[in-house]
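S.K.: Chains as they are written, first to last, in this note's numbering: chain Y, 99 to 419; chain S, 89 to 385.
Check before you lean on any hint, since a few could be wrong.
Unchecked claim - In silico DSS-like links for lysine-lysine, alpha-carbon gap of 30 Å or less:
(1) Y/Lys124 - S/Lys345
(2) S/Lys337 - Y/Lys146
(3) S/Lys107 - Y/Lys259
(4) Y/Lys126 - S/Lys128
(5) Y/Lys259 - S/Lys128
(6) S/Lys239 - Y/Lys257
(7) Y/Lys124 - S/Lys305
(8) S/Lys242 - Y/Lys259
(9) S/Lys103 - Y/Lys146
(10) Y/Lys146 - S/Lys99
(11) S/Lys107 - Y/Lys124
(12) S/Lys128 - Y/Lys146
(13) S/Lys103 - Y/Lys124
(14) S/Lys271 - Y/Lys126
What the hints assert, rightly or not - From chain Y, some residues computed to sit far from chain S (all C-beta separations above 10 Å):
(15) Gln105
(16) Lys146
(17) Gly164
(18) Pro176
(19) Gln192
(20) Ser291
Calculated from the structure, these hints are not laboratory results. All C-beta atoms in this analysis are idealised placements derived from N, C-alpha and C, irrespective of residue type, glycine included.
In case you want the letters, here they are:
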Amino acid sequence: MTKFKNQGSKDTRSGFGDGLTELGRKNKNVVALCADLIGSLKMNQFIKENPERFFQIGIAEANMMGIAAGLTIGGKIPFTGTFANFSTGRVYDQIRQSIAYSNKNVKICASHAGITLGEDGATHQILEDIGLMKMLPGMTVINTCDYNQTKAATLAISKIKGPVYLRFGRPVVPNFTPINQDFNIGKGILLKSGNDATIVSTGHLVWESLIAAEKLENEGISCEVINIHTIKPLDEKIILDSVKKTRCVVSAEEHNYYGGLGESISRTLTSFFPCSQEFVATKDTFGESGKPSDLMNKYSLNDTAIAKAVIKVIERKKNNV
Amino acid sequence: MKPLNNDLNLKKYYKKMTKIETLKKTVTQVRRDILRMVNKVNSGHPGGSLGCAEFFVVLYNEIMSINIEFEMDGINEDLFFLSNGHISPVLYSTLARKGFFPLEELKTFRDINSRLQGHPTTHEGLPGIRISSGSLGQGISVAIGAAHSKKLNKDPHIVYALVGDGELQEGQNWEAIMYASAKKIDNLIVTVDLNGKQIDGPTEEVLSLGNLSEKFKAFGWELLHLNKGNDVEQIISVLKKAKNLSGNKKPVCILMKTEMGNGVDFMMNTHAWHGKAPNDEQLEIALSQNIETLGDY
Chain Y
99 MTKFKNQGSK DTRSGFGDGL TELGRKNKNV VALCADLIGS LKMNQFIKEN PERFFQIGIA
159 EANMMGIAAG LTIGGKIPFT GTFANFSTGR VYDQIRQSIA YSNKNVKICA SHAGITLGED
219 GATHQILEDI GLMKMLPGMT VINTCDYNQT KAATLAISKI KGPVYLRFGR PVVPNFTPIN
279 QDFNIGKGIL LKSGNDATIV STGHLVWESL IAAEKLENEG ISCEVINIHT IKPLDEKIIL
339 DSVKKTRCVV SAEEHNYYGG LGESISRTLT SFFPCSQEFV ATKDTFGESG KPSDLMNKYS
399 LNDTAIAKAV IKVIERKKNN V
Chain S
89 MKPLNNDLNL KKYYKKMTKI ETLKKTVTQV RRDILRMVNK VNSGHPGGSL GCAEFFVVLY
149 NEIMSINIEF EMDGINEDLF FLSNGHISPV LYSTLARKGF FPLEELKTFR DINSRLQGHP
209 TTHEGLPGIR ISSGSLGQGI SVAIGAAHSK KLNKDPHIVY ALVGDGELQE GQNWEAIMYA
269 SAKKIDNLIV TVDLNGKQID GPTEEVLSLG NLSEKFKAFG WELLHLNKGN DVEQIISVLK
329 KAKNLSGNKK PVCILMKTEM GNGVDFMMNT HAWHGKAPND EQLEIALSQN IETLGDY
């Protein structure tokens, strides 16, 4: 694991905030909107440098999505910012009609995704947003794993035309991907090679997957680890190339197993290379209050859970289940 | 304007009268288009469409500065957003008569593989459409965004939107109405089509909107009343007033009273034709009350 050193833990949302600031300097068409969560979304520096290109909408997310859609008419590239729950479920129809069906160049940037929002509890956590967004025709769905990747993704999505859902989180987590990396939308990243099982993970679970792979390595189990930051369009090739070698897969995500990355992988496998899969994800449940790390442990979203899933899936492969 | 014993004024008067006559002729033809479109597919929304025929014809032919060569960004032109997308027939007819797309295409309304979807959409690339609408309550927000965009681009043109009265029951409108005045969006003119009717009956009975005039004023909007929303001359005069009021740090609202089903005697004074098409026999009667002026498609 020498390849992946934590360069100093940071929150992914700060990657978004810093990416947005850089975009503000580089691209005059970039505008930002926020529904009363400037601090949480780390938008302060962008606002300071570009007050005329920032729109404080107030606590009115539906209006924010509509205004963002309208801003694209005239060539602006709007980045909306609020929690993932209020970025998706609360405004699904506004996104569906005014943004996705209208094919507007809006970047829906969602912080505090998943259970790691923590103490506020299930009303503010969302474990269904990837599903909601990937179901929308034409929507690109991205879930980044650390600060560097989130910053790179923020810059990259400004360069493609069309609606994007960019999902990141609240907690401080290891920052281990390269600084100033190229971010290729729709391209998975092979983080580690291996032969016995493939771990495909996204978001906060990527680091956990690397830890799990390292632990398993010590037990003589060799895992391939793939980071899927773009859930839609899915890099099917990188997954299939790997499972053709390992013939089993564990998907890992901070999301419900219904509608998440795991399900997208299952669809791909069923069509092209059926094999065993285990899901590290929440199992059709809401979250609850608690410290993020305690919640990740309680809901089995950690390195231990991933390692267990790997052992289980290898067992099933051997038994041809 | 009354003719005076003065040649110049007389000339102006006749010019104006000719213009009004032309607009009225277009309105009649748009009505025929609406009726024939919904009859052909036996679906669609004739009531609200007929009620807004004068408004659309005046807006597109007399008020807005627009480029027929359609570009999505709409730089250096006025923009219009239809929030109550179900009255698409009147929009389609107005756009086709203005030259945005071939008149012939009106034949395809609501049919498979058509650019003229039941509710307007950008998805099929129909010139003149900048947003999909139909799921109600979203148009004012979109218009505000476009108005922001115009300000950022230093484009002095105006953004217009039309919303239905029943549609104001959707909460998002009030988020947008609050926002527009708080943020001093003054390049925005929203017209409310007050026909007092919705699918289930009179708006007053389904869910009363209360005193809309006081509500818009309380929300900080500049307010204009258009009591004869089916009168071409009054529409011109109020829309011109609205234009003059723009640029004064306030959004402008026009409360426009219209008659649903206007121009067809049996479609007026009822909500029955909100979303129902006339059959062939009814179409004949309706068309006989609106004699062809510019040629049917």
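S.K.: The structure should be examined with respect to each hint, and the outcome stated for every one.
M.R.: Outcome of the hint check:
For the given pair, Y/Lys124 sits about 49 Å from S/Lys345 by alpha-carbon distance, which is inconsistent with the 30 Å threshold. For the hint linking S/Lys337 to Y/Lys146, the alpha-carbon distance of about 24 Å falls within 30 Å, and the restraint holds. For the hint pairing S/Lys107 with Y/Lys259, the CA-to-CA distance comes to about 43 Å; that exceeds 30 Å, so the pair is violated. Our distance criterion of 30 Å between C-alpha atoms is broken by Y/Lys126 and S/Lys128, whose separation comes to about 48 Å.
With a CA separation close to 38 Å, the supplied pair Y/Lys259 and S/Lys128 exceeds the 30 Å bound. Of the supplied pair hints, the one linking S/Lys239 and Y/Lys257 holds, its CA atoms being roughly 23 Å apart against a limit of 30 Å. Among the hinted pairs, Y/Lys124 with S/Lys305 is inconsistent with the structure: their alpha-carbon atoms are about 41 Å apart, more than 30 Å. For the given pair, S/Lys242 sits about 23 Å from Y/Lys259 by alpha-carbon distance, which is consistent with the 30 Å threshold.
Proximity of S/Lys103 to Y/Lys146 is assessed by CA-CA distance (about 54 Å); at most 30 Å being required, the pair is judged violated. About 58 Å separates the Cα atoms of Y/Lys146 and S/Lys99, which puts this hinted pair outside 30 Å; it is violated. Only pairs whose Cα atoms come within 30 Å are accepted, and S/Lys107 paired with Y/Lys124 is rejected, the gap being roughly 50 Å. Among the hinted pairs, S/Lys128 with Y/Lys146 is inconsistent with the structure: their alpha-carbon atoms are about 57 Å apart, more than 30 Å.
Note on S/Lys103 and Y/Lys124: the hinted pairing is violated, with a Cα-Cα distance of about 53 Å set against a maximum of 30 Å. As the CA atoms of S/Lys271 and Y/Lys126 are separated by approximately 21 Å, the hinted pair is consistent with the 30 Å bound. With a least beta-carbon separation of about 37 Å from chain S, Y/Gln105 lies farther than 10 Å from that chain, consistent with its non-interface assignment. Distance check for Y/Lys146 against chain S: the nearest CB is about 18 Å away, which clears 10 Å, and the non-interface claim stands.
With a cut of 10 Å on Cβ distances, Y/Gly164 falls inside the contact zone with chain S, its closest approach being about 2 Å. With a closest Cβ-Cβ approach of about 8 Å to chain S, Y/Pro176 is found to fall inside the 10 Å limit, against its non-interface label. For Y/Gln192, the non-interface assignment is contradicted: its Cβ lies about 6 Å from the closest Cβ of chain S, within the 10 Å cut-off. With a least CB separation of 43 Å from chain S, Y/Ser291 remains clear of the 10 Å interface cut-off, as annotated.
The structure shown violates the earlier hints numbered 1, 3, 4, 5, 7, 9, 10, 11, 12, 13, 17, 18 and 19.
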